[in-house]
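Chains as they are written, first to last, in our numbering: chain X, 5 to 286; chain P, 5 to 286; chain D, 5 to 286; chain G, 5 to 286; chain Y, 5 to 286; chain F, 5 to 286.
Bear in mind the hints are in silico, worked out from the structure with no lab data behind them.
A few of these clues could be false.
All copies of an identical chain are treated as equivalent in the list; a pair is satisfied when it fits inside any one copy or across any two copies.
What the hints assert, rightly or not - Each computed PhoX-like pair below joins lysine-lysine, with the alpha-carbon atoms no more than 25 Å apart:
#1 Lys185 with Lys65
#2 Lys104 with Lys126
#3 Lys245 with Lys192
#4 Lys104 with Lys6
#5 Lys204 with Lys249
#6 Lys178 with Lys238
#7 Lys94 with Lys204
#8 Lys192 with Lys238
#9 Lys206 with Lys24
#10 Lys71 with Lys178
#11 Lys6 with Lys126
#12 Lys104 with Lys71
#13 Lys101 with Lys8
#14 Lys245 with Lys206
#15 Lys65 with Lys192
#16 Lys167 with Lys65
#17 Lys178 with Lys249
#18 Lys8 with Lys71
#19 Lys178 with Lys65
#20 Lys178 with Lys24
#21 Lys249 with Lys206
#22 Lys185 with Lys94
#23 Lys126 with Lys101
#24 Lys101 with Lys6
#25 Lys8 with Lys65
#26 Lys24 with Lys192
Now for the letters of each chain:
There are 6 protein chains.
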Amino acid sequence: MKNKNISTFIGFDNEYDESKIVVFGAPFDGTTSFRPGTRFAPEVMRRESYGLETYSPYLEKDLENYKVFDGGDLEFSFGNPGAVLDSIYKYTEEILKDDKVPFMVGGEHLVSYGSIKAVYEKYPNLHVIHLDAHADLRADYMGEQFSHASVIRRCWDFLGDGKIYQFGIRSGCKEEFLWAKDHTYMEKYSMNTLSEIVDKLKDVPVYITIDLDILDPSIFPGTGTPEPGGITFKEMMDGIKEFEKLNVVGGDIVELSPSYDTSGASTATACKVLREVVLTMV
Amino acid sequence: MKNKNISTFIGFDNEYDESKIVVFGAPFDGTTSFRPGTRFAPEVMRRESYGLETYSPYLEKDLENYKVFDGGDLEFSFGNPGAVLDSIYKYTEEILKDDKVPFMVGGEHLVSYGSIKAVYEKYPNLHVIHLDAHADLRADYMGEQFSHASVIRRCWDFLGDGKIYQFGIRSGCKEEFLWAKDHTYMEKYSMNTLSEIVDKLKDVPVYITIDLDILDPSIFPGTGTPEPGGITFKEMMDGIKEFEKLNVVGGDIVELSPSYDTSGASTATACKVLREVVLTMV
Amino acid sequence: MKNKNISTFIGFDNEYDESKIVVFGAPFDGTTSFRPGTRFAPEVMRRESYGLETYSPYLEKDLENYKVFDGGDLEFSFGNPGAVLDSIYKYTEEILKDDKVPFMVGGEHLVSYGSIKAVYEKYPNLHVIHLDAHADLRADYMGEQFSHASVIRRCWDFLGDGKIYQFGIRSGCKEEFLWAKDHTYMEKYSMNTLSEIVDKLKDVPVYITIDLDILDPSIFPGTGTPEPGGITFKEMMDGIKEFEKLNVVGGDIVELSPSYDTSGASTATACKVLREVVLTMV
Amino acid sequence: MKNKNISTFIGFDNEYDESKIVVFGAPFDGTTSFRPGTRFAPEVMRRESYGLETYSPYLEKDLENYKVFDGGDLEFSFGNPGAVLDSIYKYTEEILKDDKVPFMVGGEHLVSYGSIKAVYEKYPNLHVIHLDAHADLRADYMGEQFSHASVIRRCWDFLGDGKIYQFGIRSGCKEEFLWAKDHTYMEKYSMNTLSEIVDKLKDVPVYITIDLDILDPSIFPGTGTPEPGGITFKEMMDGIKEFEKLNVVGGDIVELSPSYDTSGASTATACKVLREVVLTMV
Amino acid sequence: MKNKNISTFIGFDNEYDESKIVVFGAPFDGTTSFRPGTRFAPEVMRRESYGLETYSPYLEKDLENYKVFDGGDLEFSFGNPGAVLDSIYKYTEEILKDDKVPFMVGGEHLVSYGSIKAVYEKYPNLHVIHLDAHADLRADYMGEQFSHASVIRRCWDFLGDGKIYQFGIRSGCKEEFLWAKDHTYMEKYSMNTLSEIVDKLKDVPVYITIDLDILDPSIFPGTGTPEPGGITFKEMMDGIKEFEKLNVVGGDIVELSPSYDTSGASTATACKVLREVVLTMV
Amino acid sequence: MKNKNISTFIGFDNEYDESKIVVFGAPFDGTTSFRPGTRFAPEVMRRESYGLETYSPYLEKDLENYKVFDGGDLEFSFGNPGAVLDSIYKYTEEILKDDKVPFMVGGEHLVSYGSIKAVYEKYPNLHVIHLDAHADLRADYMGEQFSHASVIRRCWDFLGDGKIYQFGIRSGCKEEFLWAKDHTYMEKYSMNTLSEIVDKLKDVPVYITIDLDILDPSIFPGTGTPEPGGITFKEMMDGIKEFEKLNVVGGDIVELSPSYDTSGASTATACKVLREVVLTMV
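Go ahead and model the full structure; you've got the sequences and the hints to work with.
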């Protein structure tokens, strides 16, 4: 205890240089219109992750056998989403330059834009797997182009048709569902076709963005806009196992709001999803 | 903003005269013996309903295309259940006289008595579909005839045998289960036979009373007396779709207790059930 | 109940045209860097204000004898503070044009900028009384000029020296305290000199901006950045009584965060301060 | 542990027959119009009282040296306030017949009616000391004569003028304050004159009814209708010491609502007030 | 109400001598490393059990027809786990001597050691059915042999191989899973093989230890270390029905932490599991 | 962000070698008999301290101008208080050997024993200033010698008479108050005589142990055993200023329980006390 106090997610306590995967926090919720609080997720997850084991009986892998680095949280000025996205973009770019894989912990879903953009510039053939309760395909939200409710639409602006695969969607305005028919692959409510899609995407670079509210609020109430009717934790775990077959070049997990997680079960769920996803990537 | 501040459930912001369905709140929990708080449900649901969309991907209908009116909350004097039921009865009667369909948001389950009574007097052949964890068939509760635990029994007093269809029941005293055998149709635990019953009731006027605690506490913890072993949200949604086939002349949704809904997920669930049920009635 | 459901603060249920004072909500907390949640204040205060009486034994006045209008909440797009301030500015301007007195309920303190700006343009000799725990005098906050931590500095930009009177200040960076020596009147910790200042300002137009965190967290824990060492409620009430001597041409009350007010006592306090301040202005 | 599990307030674990003071709970909140929950007070206070010591350094007395009996809670049927008051009346009467002193723990303030009535019938010259934030002097509340807001007025119906001494009152409608001028002794806000009144009442039988919301919400937030501007805990303790000079023939302590006491400090405060008051009566 | 106030679980209000089953609380959580609070479970369960009925529609049995005694809680000195286990051991031994069946309500899982030890000494051929999310098979935890994380390993020390049957296990370090292969029967994640095992154990004395965190956190968030991926309540009920076929000579239910059960649904679940398990034993 | 994520109290982010003061956390609450949770204090305080400024307007000093090191938290095995005290003792000893001043953040009050012991061994003429609501002078607690309720008594075992100065004490059993008369200096309820005592102790080495529950629960509800009747925050600040005159060779601050601090105000208070105390020591 003569060194400064280190705080990382459990098992991600390696050095930057030796690690293949770089996890970092993007504690921003500044465009959240309904109930804010996802800004607290990375910090609370770090702390609560110590209720987990490093060993996954599902994947029969132990984090202790792999090198993952936790870079801490980016610092943001609230009230300026453009600067926030820029800062995420730059840190992601740096990680990619060092030939590492970025994995971001939000924050609200808008943060994915900065990260997906940077990954796309390295991998122009990027495909995105998007797990979510909400379509996030609005052209704009109350006049703002960059919003948690339009983030996937903004990514489409550069990714184009045929690159976005959405699962679990059960909420949106009518226009979003109509628009999706022409521009994305969308499975409503569930992830039953994930396995087929994974087979199809085996040979292309893939980014995985997980809005945790795809989970049913029974297991994941701790989020800004709970949407009953989501997938179970077991369905999530089955989906995650599929990711082992992919070439995942970047990813994120967003929308845990610890303020609404009074029991801590949602945070525990987020931590376990993080552990499992990262273990499929090592 | 030169008009007074209006507060309605999302999408129910039409005028009384143009609307076919009239939604109103009955914020009473005065006979609740265990944990009070359902009095806060209508007000909190109005506010939180703005986390929902007006569009239902399940029914592919949008509230914006229909006329529903929110009349606000009745005002009650606590400590006098008789006067409360009377006030509900009178407002419901008025709605019916104007050839509209009343839909009430409780409050505790006792409030249904006032509403069902008024609907029955317009439709003497009324049948009642009752979703609930509790049988609510006690002859009396601690000497009181009018209680949340005896409300369906009180309705039977005027409806008679063969008119009440109960689903999801998993709690009650032994006498209630025995009594039900002779006087109501009761499916314990689930709603598997709802579809058959709906077929049978296609041509009669039906009142639907939904005690939200029929849902499992995993998805609906925010209620006074949580009863593990309930139905899932998906089972609820499947059931609601059946209602489209019926001639629903009145209904209610009761027993959300926001005080015990620390994450907001129960309120979101109540709001979604309300949206979906109303969309089956338009 | 054939009219739409109205929701106002208790006693502010008059028509716009007949009212001298216009109260409205500015539910914005988008630059809050620490703990958000003040966006919920106006809505929760409206609801909880019904725990109050309309009669003040302190001032021996009853809201029922005066005409105050509640215009509801402005709607904002989060993520764009400039647009938010603009919208506040415009609504305040409109109220002033109709020769009424605006009184805003925040939201975070930044919202005061929009309102004070509009009032200043009508009253170029405007003086501002500022009650707060924090100096809010930063030149910028993490590079942003418009922030809850710099709002009074931004008002100084147009008001100039000798116009700002600060009370209760007990937190800030060193630079803010130094800067204040040359540009504002500042009483640290308390409001002991308020009475003298009020005497001095009797003949000029005054705007009162009350950051409720001037109160000690013992009586007002429900705020984003609680600062122990504040004034008592009785000191606040004594201060408010002084305001009766002033020509108050605008005002606001900000920084209640209901999310951190688990008992409801902070909201009750905010409501009572609102009632009393408005009663000094009628 | 071959006997059934006993649960009493700390130090009140004596037999009925040997005790001079009988404490009991009246867990009723059925006329509470705003925020219910005082029904839980006696049970939660019993449990939490074990955080206290039996010894009071203020009074230098130890509960272990005195005989006090805890009779548990009366059982009520919610929805019938008349029956509730009757049940309290009868149990109090029984205690008085056995020449013991009743001390009730509410519940809402209405419960005091049953107890004061019974004590009055034994002591027709009964004087009542009433500590409260609210006047409780309404002629009726929304048409109901028996309500938490009219309980002291109902007691006046039989006690008459000159028998009621009110302290700490800071909320009520205008009519209550006017009515009080003719019929009760009322000190607003504080208890500064309690000592004089106690001197005056030394030779008459006195009932003490303590609505804990006389305390400032800073120390007592856990109540249904918090009213900022109340007395401090030290002022309360100074007041209680005065009671040692009186002939107290009955009393109660009401309006703790544990649901709003998230820290437990309000319950601890209620327990300490209970310990101290009872120690002045032994 | 001239007798002292009794507090028992609902339906367990019989005399010791007439009862075949003795339920008691072991409110200890002193080795809990992550989030404490299970010490409050027995007391809170007693109180909340009154939200249940005594009748089980699942088993069609009513507690009112059977004799079960609630002995209250053992008193422990925190900071000395050895003394705690000793005290549990002794009380269990006493119950067994009187030819009754002990059923303990924890507390953390370590308490099971004291009880299983005593039961084992009466029944040397004891088999243990262990429902849990965690393996609890560590050789030690941070150097301590007696810990919630090693309790089943400590029981193995005297029970030996082939006596322990574990179900639902989904968390542990790698070594625990490896060790289990040689020394216990372990079904990961579920209880699908419980029925077979029950058939096999029909003729031997069985102890059932239920760590409630075997349940998924969706239905049971109120525990120290929530582990998503657990069994549903219906799976639990199906499992419990199997127990009717066994010769159960002792049991326990542990790890409810009411502090994390903000809705009360976890406590309701624990109470229902307790009612059902006890009803299979009568 | 290529370095590991550092987490320290605000302003304590210097290197060990360059710092004169070493702050560290002792997250232990294993003997807490009533409500646990102080184990979470150091971690939560680190995080929440960023709501503070580094500048103190009270002392007109800025942490940025001084060198303080935060060593993080000691790791403990719960269930073994002896080992915990040993570990604290050793780390404190090490700090002292390096000629630095240790300042510990608890945890429950028992942790002070380890630290005071080590400081005493370096400074045999050590005097202790003890701020607390509770006397902590029991000979033992339920048979255990080392307990939060006996910690000052255990320190007396080696310090002896005339070395311990207690302030604010308002709870204890009768024996503790009697014992204090012969062995310690005790001011009940307040710190009015602190200034005199400080004058007396100017030339001896002093250890300051602050049990934050000396503060009134109005400002500090977030603790295991709230005791109404404590000192105000302003009295605390006046006391702390006195410490500047002393030769403080070690200290601690204990008994914040974040679990009971739902608003965060108690944690903010603890952080401010920590900042101010440390600023008097630089």
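Each hint, compared with the structure:
no., hint, in the structure
1, Lys185 with Lys65, "between (39 Å within a copy, 17 Å between copies)"
2, Lys104 with Lys126, "within (12 Å within a copy, 51 Å between copies)"
3, Lys245 with Lys192, "both (20 Å within a copy, 17 Å between copies)"
4, Lys104 with Lys6, "between (31 Å within a copy, 12 Å between copies)"
5, Lys204 with Lys249, "within (11 Å within a copy, 41 Å between copies)"
6, Lys178 with Lys238, "between (30 Å within a copy, 21 Å between copies)"
7, Lys94 with Lys204, "neither (31 Å within a copy, 54 Å between copies)"
8, Lys192 with Lys238, "both (18 Å within a copy, 13 Å between copies)"
9, Lys206 with Lys24, "within (20 Å within a copy, 53 Å between copies)"
10, Lys71 with Lys178, "between (45 Å within a copy, 18 Å between copies)"
11, Lys6 with Lys126, "between (41 Å within a copy, 20 Å between copies)"
12, Lys104 with Lys71, "within (11 Å within a copy, 36 Å between copies)"
13, Lys101 with Lys8, "between (29 Å within a copy, 19 Å between copies)"
14, Lys245 with Lys206, "within (14 Å within a copy, 39 Å between copies)"
15, Lys65 with Lys192, "between (32 Å within a copy, 16 Å between copies)"
16, Lys167 with Lys65, "neither (31 Å within a copy, 29 Å between copies)"
17, Lys178 with Lys249, "between (34 Å within a copy, 24 Å between copies)"
18, Lys8 with Lys71, "both (21 Å within a copy, 13 Å between copies)"
19, Lys178 with Lys65, "between (43 Å within a copy, 9 Å between copies)"
20, Lys178 with Lys24, "between (42 Å within a copy, 23 Å between copies)"
21, Lys249 with Lys206, "within (7 Å within a copy, 45 Å between copies)"
22, Lys185 with Lys94, "neither (33 Å within a copy, 41 Å between copies)"
23, Lys126 with Lys101, "within (9 Å within a copy, 54 Å between copies)"
24, Lys101 with Lys6, "between (33 Å within a copy, 13 Å between copies)"
25, Lys8 with Lys65, "between (30 Å within a copy, 24 Å between copies)"
26, Lys24 with Lys192, "neither (34 Å within a copy, 31 Å between copies)"
Consistency note: the structure conflicts with the earlier hints numbered 7, 16, 22, 26.
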